[in-house]
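**Student:** Sequence:
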Amino acid sequence: MKSKNICKWYNVCPMKRYFEEGKLDKKWIDEYCWGNYKHCVRRKMEEKGQYHPDNMLPDGTINKGK
18 MKSKNICKWY
28 NVCPMKRYFE
38 EGKLDKKWID
48 EYCWGNYKHC
58 VRRKMEEKGQ
68 YHPDNMLPDG
78 TINKGK
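Just so you know, my numbering puts the end of the sequence shown at 83, numbered straight through with nothing missing.
These are computed hints drawn from the structure, not numbers from a lab.
Don't be surprised by glycine CBs; every beta carbon is placed ideally from N, CA and C.
Hints may contain errors.
Straight-line alpha carbon distances no greater than 25 Å define the calculated BS3-like cross-link-like pairs of lysine-lysine that follow [as the list claims (entries may be wrong)]:
{"no.": "1", "residue 1": "K44", "residue 2": "K61"}
{"no.": "2", "residue 1": "K25", "residue 2": "K44"}
{"no.": "3", "residue 1": "K65", "residue 2": "K25"}
{"no.": "4", "residue 1": "K81", "residue 2": "K61"}
{"no.": "5", "residue 1": "K55", "residue 2": "K25"}
{"no.": "6", "residue 1": "K61", "residue 2": "K25"}
{"no.": "7", "residue 1": "K33", "residue 2": "K44"}
{"no.": "8", "residue 1": "K65", "residue 2": "K55"}
If you anchor each label on the Cβ, the simulated ranges turn out as follows [as the list claims (entries may be wrong)]:
{"no.": "9", "residue 1": "N22", "residue 2": "L74", "range": "15 to 21 Å"}
{"no.": "10", "residue 1": "G66", "residue 2": "K43", "range": "25 to 31 Å"}
{"no.": "11", "residue 1": "Q67", "residue 2": "G39", "range": "27 to 33 Å"}
{"no.": "12", "residue 1": "N72", "residue 2": "N28", "range": "15 to 21 Å"}
{"no.": "13", "residue 1": "N28", "residue 2": "D76", "range": "28 to 34 Å"}
Turn these sequences into a full structure, and let the hints guide you.
**Tutor:** Written out as structure tokens, the structure reads:
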């Protein structure tokens, strides 16, 4: 069985918590956290030491919902 390529920040990322709480659709986790995480805007900003709000989605948009 092939293992998933998981972002190193996944366990501390708010996206994980929102997904587990049912506040974030699994598509975000599949596409970014467990997939092509190198395209995640959150990850890029984290690695540059730049501030990003917890409600910022991996594509850089701000989720004003929930």
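**Student:** Hints broken by the structure, by number, lowest first?
**Tutor:** 13
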